[in-house]
Amino acid sequence: MKKPQYDVAVIGGGVIGCAVARELSRYDMSVCLLERTEDVCSGTSKANSAIIHAGYDAPSGSLMAEMNVEGNRLMDRLAEELDIPFRRNGSLVLCFSEEDMPGLQALYVRGVANGVPQLRIISGEEVRRMEPNIADEVVAALYAPTGGIVCPFNMTVALAENAYENGAEFRFLTEVTEIRRDGELYELTVRSNGDGAVVCVKGAACGEGAGGTNRLIGAAVEGGEGTVTARFVVNAAGVYADRFHNMVSRRRISITPRRGSYCLLDREAGGHVDKTVFQLPGRYGKGVLVTPTIHGNLLIGPTAADIGDKEGTYTTAEELAEVTAKSACGVKDIPYRQVITSFAGLRAHEAGHEFILGEPEDAPGFFDAAGIESPGLSSAPAIGVRLAEEIARKAGAPLKERFIATRRGIPHVAALDREARAALIAERPDYGTIVCRCENVSEGEIVDSIRRPLGARSLDGIKRRVRQGMGRCQAGFCTPRTMEILSRETGIPMEKICKNRPGSEMICAAVTERKEQEHEIS
Amino acid sequence: MRYHDIVIVGGGPAGLAAAAAARKAGISDLLILERDNVLGGILNQCIHNGFGLHTFNEELTGPEYAARYIAQVEEEKIPYRLNTIVADITHDRQVTYINREEGLVTIRAGAVILAMGCRERPRGALNTPGYRPAGIYSAGTAQRLMNIEGYLVGREAVILGSGDIGLIMARRMTLEGAKVKAVAEIMPYSGGLKRNIVQCLDDYGIPLKLSHTVVQIHGKDRLTGVTIAEVDADKNPVPGTEEYYSCDTLLLSVGLIPENELSKGAGISLNRVTSGPNVNDRLETEAEGIYACGNVLHVHDLVDFVSQEAALAGENAAEYVKRKKSPEAAAKPARRIPLSAENGVRYTVPQFLEADGMRDTVTVRFRVADVYKDRYISVYYDEKRIMRKKKKVLAPGEMEQVTLTRKSLEEHPQTERITIRTEVE
Numbered sequence: 001m002k003k004p005q006y007d008v009a010v011i012g013g014g015v016i017g018c019a020v021a022r023e024l025s026r027y028d029m030s031v032c033l034l035e036r037t038e039d040v041c042s043g044t045s046k047a048n049s050a051i052i053h054a055g056y057d058a059p060s061g062s063l064m065a066e067m068n069v070e071g072n073r074l075m076d077r078l079a080e081e082l083d084i085p086f087r088r089n090g091s092l093v094l095c096f097s098e099e100d101m102p103g104l105q106a107l108y109v110r111g112v113a114n115g116v117p118q119l120r121i122i123s124g125e126e127v128r129r130m131e132p133n134i135a136d137e138v139v140a141a142l143y144a145p146t147g148g149i150v151c152p153f154n155m156t157v158a159l160a161e162n163a164y165e166n167g168a169e170f171r172f173l174t175e176v177t178e179i180r181r182d183g184e185l186y187e188l189t190v191r192s193n194g195d196g197a198v199v200c201v202k203g204a205a206c207g208e209g210a211g212g213t214n215r216l217i218g219a220a221v222e223g224g225e226g227t228v229t230a231r232f233v234v235n236a237a238g239v240y241a242d243r244f245h246n247m248v249s250r251r252r253i254s255i256t257p258r259r260g261s262y263c264l265l266d267r268e269a270g271g272h273v274d275k276t277v278f279q280l281p282g283r284y285g286k287g288v289l290v291t292p293t294i295h296g297n298l299l300i301g302p303t304a305a306d307i308g309d310k311e312g313t314y315t316t317a318e319e320l321a322e323v324t325a326k327s328a329c330g331v332k333d334i335p336y337r338q339v340i341t342s343f344a345g346l347r348a349h350e351a352g353h354e355f356i357l358g359e360p361e362d363a364p365g366f367f368d369a370a371g372i373e374s375p376g377l378s379s380a381p382a383i384g385v386r387l388a389e390e391i392a393r394k395a396g397a398p399l400k401e402r403f404i405a406t407r408r409g410i411p412h413v414a415a416l417d418r419e420a421r422a423a424l425i426a427e428r429p430d431y432g433t434i435v436c437r438c439e440n441v442s443e444g445e446i447v448d449s450i451r452r453p454l455g456a457r458s459l460d461g462i463k464r465r466v467r468q469g470m471g472r473c474q475a476g477f478c479t480p481r482t483m484e485i486l487s488r489e490t491g492i493p494m495e496k497i498c499k500n501r502p503g504s505e506m507i508c509a510a511v512t513e514r515k516e517q518e519h520e521i522s
Numbered sequence: 523m524r525y526h527d528i529v530i531v532g533g534g535p536a537g538l539a540a541a542a543a544a545r546k547a548g549i550s551d552l553l554i555l556e557r558d559n560v561l562g563g564i565l566n567q568c569i570h571n572g573f574g575l576h577t578f579n580e581e582l583t584g585p586e587y588a589a590r591y592i593a594q595v596e597e598e599k600i601p602y603r604l605n606t607i608v609a610d611i612t613h614d615r616q617v618t619y620i621n622r623e624e625g626l627v628t629i630r631a632g633a634v635i636l637a638m639g640c641r642e643r644p645r646g647a648l649n650t651p652g653y654r655p656a657g658i659y660s661a662g663t664a665q666r667l668m669n670i671e672g673y674l675v676g677r678e679a680v681i682l683g684s685g686d687i688g689l690i691m692a693r694r695m696t697l698e699g700a701k702v703k704a705v706a707e708i709m710p711y712s713g714g715l716k717r718n719i720v721q722c723l724d725d726y727g728i729p730l731k732l733s734h735t736v737v738q739i740h741g742k743d744r745l746t747g748v749t750i751a752e753v754d755a756d757k758n759p760v761p762g763t764e765e766y767y768s769c770d771t772l773l774l775s776v777g778l779i780p781e782n783e784l785s786k787g788a789g790i791s792l793n794r795v796t797s798g799p800n801v802n803d804r805l806e807t808e809a810e811g812i813y814a815c816g817n818v819l820h821v822h823d824l825v826d827f828v829s830q831e832a833a834l835a836g837e838n839a840a841e842y843v844k845r846k847k848s849p850e851a852a853a854k855p856a857r858r859i860p861l862s863a864e865n866g867v868r869y870t871v872p873q874f875l876e877a878d879g880m881r882d883t884v885t886v887r888f889r890v891a892d893v894y895k896d897r898y899i900s901v902y903y904d905e906k907r908i909m910r911k912k913k914k915v916l917a918p919g920e921m922e923q924v925t926l927t928r929k930s931l932e933e934h935p936q937t938e939r940i941t942i943r944t945e946v947e
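Chains C and S, in that order, give the protein sequences. Our numbering numbers the first residue of the first sequence as 1 and each following residue consecutively. Our numbering numbers the first residue of the second sequence as 523 and each following residue consecutively.
Hints are computed from structural coordinates only; laboratory data are not their basis. All values derive from a computational prediction rather than experimental measurement. Here a beta-carbon is modelled for each residue, glycine too, at the ideal position from N, C-alpha and C. Among these hints, one or two may not hold up.
In silico DSBU-like cross-links for lysine-lysine, where the CA-CA straight-line distance does not exceed 35 Å [to be verified]: (1) C:Lys310 to S:Lys599; (2) C:Lys2 to C:Lys286; (3) S:Lys742 to C:Lys202; (4) S:Lys757 to C:Lys310; (5) S:Lys786 to C:Lys332; (6) S:Lys906 to S:Lys703; (7) S:Lys742 to C:Lys286; (8) S:Lys731 to C:Lys326; (9) C:Lys326 to S:Lys701; (10) S:Lys929 to C:Lys332; (11) S:Lys701 to C:Lys496; (12) S:Lys599 to S:Lys846; (13) S:Lys911 to S:Lys929; (14) S:Lys757 to S:Lys912; (15) S:Lys913 to C:Lys286; (16) C:Lys326 to S:Lys742; (17) S:Lys929 to C:Lys496; (18) C:Lys496 to S:Lys703; (19) S:Lys929 to S:Lys846; (20) S:Lys911 to S:Lys716; (21) C:Lys496 to S:Lys847; (22) S:Lys786 to C:Lys310; (23) C:Lys326 to S:Lys912; (24) S:Lys703 to C:Lys310; (25) C:Lys394 to C:Lys496.
Beyond 10 Å from chain C on every Cβ pair, some chain S residues (computed) [what the hints assert, rightly or not]: (26) Asn605; (27) Asn621; (28) Arg693; (29) Arg857; (30) Asp878; (31) Tyr898.
Okay, chain C solo, but in the shape it has when bound (with noise of 0.2 Å):
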């Protein structure tokens, strides 16, 4: 028999895909997660609520509600583990009219017998003394004081530092197209996107950056096809989970992207509630949900579109003047003038509305994560618990002697109080440049963000980790410095620099250099 490369592959490197490499990497295992795209955190994880809902939604007994409750109790003990910025706002459910209140009722029942604490029934007064800018139709709302906000991004990326501080290995630009199984292992064939594939391994040698990134281009999937080999494979590819699933089982499903669009708002606007509010689905249709984010925006949205694209992550005019009307009746006079972006994300519904986790019967040692749709942020460090035990139990691994539960985050350098921040920037003065003035983000965070273990390699990178550019100028007067030190940082030359994934580059060409050239031809 073969010997398989790794005891795990992990396909795709969302929160899904990075939750189960972080909890993999307690055990002595060779864990290995394939990406697609240039980073972490690309697909569905990047577009979505980002909040990690208290479990009062889906069915009482299914897993969704089972992985939604435990994830959110995880919550408090990995944010403080991996240093991800998260908080209980508590979360409301909105009910607008008497005859909607056993609706409401049947949630709170619900809620319950889901093992969500602290639930209660609050009055139309109770809630707008709470809650000021509450419509006032509002006769009653469902409180949730666990629901939380999060950040998605930095959610990823700690729990995939973290699994690579312990071990596990990650490859990037590296897709997935063929899975075979072969006795006992599974043979993936995989193809090198853009320039190469991008491994990571914690300890290997590293040939390029400036700070000692250990990412190495192309050394492992030469001229592009290559196979992975590996004991057990963890689906976990989002809206192609059902892709790589029927590969290998007869027992099909099918999962549909179903979009949804959002708004976000200026930080300006971010006090303009302060827990997440959702409508109770009655006479207003399913309505959509208003939020504080975590880092102070106000995000509305999404929209629910089933389409038949994969990639089809684009906004369309109906959907945003359908988030603006649906969250025009829950919450009253947004600033809907202070937009400062628009976005489109995809969940991976399955037609049965449950997350699909572990072996087919008929393909031992293929775990799916499959079908995780909302509450799938919420549900992931569950879902990563889960999947890791369940693996590490049919591999007869043991737990490893040392492993580091602990990350720690980029420092945000202006929201520290006055001495620590002179400290940081007498200690690093990089920390004094400020480079993204709408979000106060210093050269000396950018630098951390692409020399840090799987580093930032794009824009979006940068961006995800840092917020550079999140602000209300959307990266207008900090670009073309971050592109500078992004390009400083990795070697990688200007025309190079990508937004995200290959074939997002920023610029065609230097100036210069064209002159020469028709120069030459003339």
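Here the structure of chain C is known, so what remains is to put chain S in place on it, guided by the hints.
Just chain S now, kept in the frame of chain C:
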């Protein structure tokens, strides 16, 4: 805590002119705080000509225009800090700045001059549907990449918005070999200067599509095209008028927003129309001793007027500091006369006059709300029209001004309100 007579926030055209004027008015203890690594601000990337006709009677490029003021600052040895960002200004003029050499520093200022300029409105603010690919730039960002860093951002471009930077970039990209396919403007008129439309679009055969906007952005990784449609009077796209333009670049020139985060932090209220502070005829904001000038006060079209306005702010700040230091300094109760903008006039700067300390003349700048032909600009003291001038064309893209004199106001001592309006007859 360190003290400076005048701290100037921003070393662009406004900050430089304010500093030079304050020095000329006898203040030696000045400090300019500039966030970029050179003085001159946005002029450095404006390598086209057309600057300085009013100030120097000649056509200069942006960097040349800036260089003249930088030379004054250097000759006068006015201190400045580069790569320095101001983190906070308080109502009582404590200024906190950060840079890599000094770290975090808080200083006290006799007077503060706000000269932070403006920023471009981004795509997000337009809520244009579609993907979010690379290749969408605000015109100024593309201008910086091209003129300072030396990179061509794309080969085929569409420009949304006909603000001056967009028009200038249409020409600039064309000169660098890119194909600019169209400039779409949602309004029925251009937001830019007439001369820029002629020199940057007409001369290169670039179509200006008025009452048109981008309704869809295509391409997931790099932009592949945009859909442009005509809009109706309410600016809603007219179905059936959609037209696809393939392009790898979309430049946005859809408005400039004065950067007043620091002003707000100092508790200075902003004018709803200009997005700049409300100021009196001395360009002093609601916070005593804090002055504002240039694009942070209201968005200008010509830098010459920025320099004029900033010089006035510099002189007034100097006078304020000197007055505070003199023993007989006692604040006179000022008689405040508000200025109103009416009937086609969108706003005025200043927003009010302090009649008692008024200079011999006060320039009132404003913009109109629409394109008007053969109209008068009239000034009223209460109900009495005291002057008017006929203009063949008035356009929102061009800043207008009238001059008020102390003499005429003294002749009408009971005036409670000054109104500027356009009139057909």
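Hint check, failures only: Hints 1, 2, 6, 9, 10, 15, 17, 21, 22, 23, 25, 26 and 27 contradicted; others consistent.
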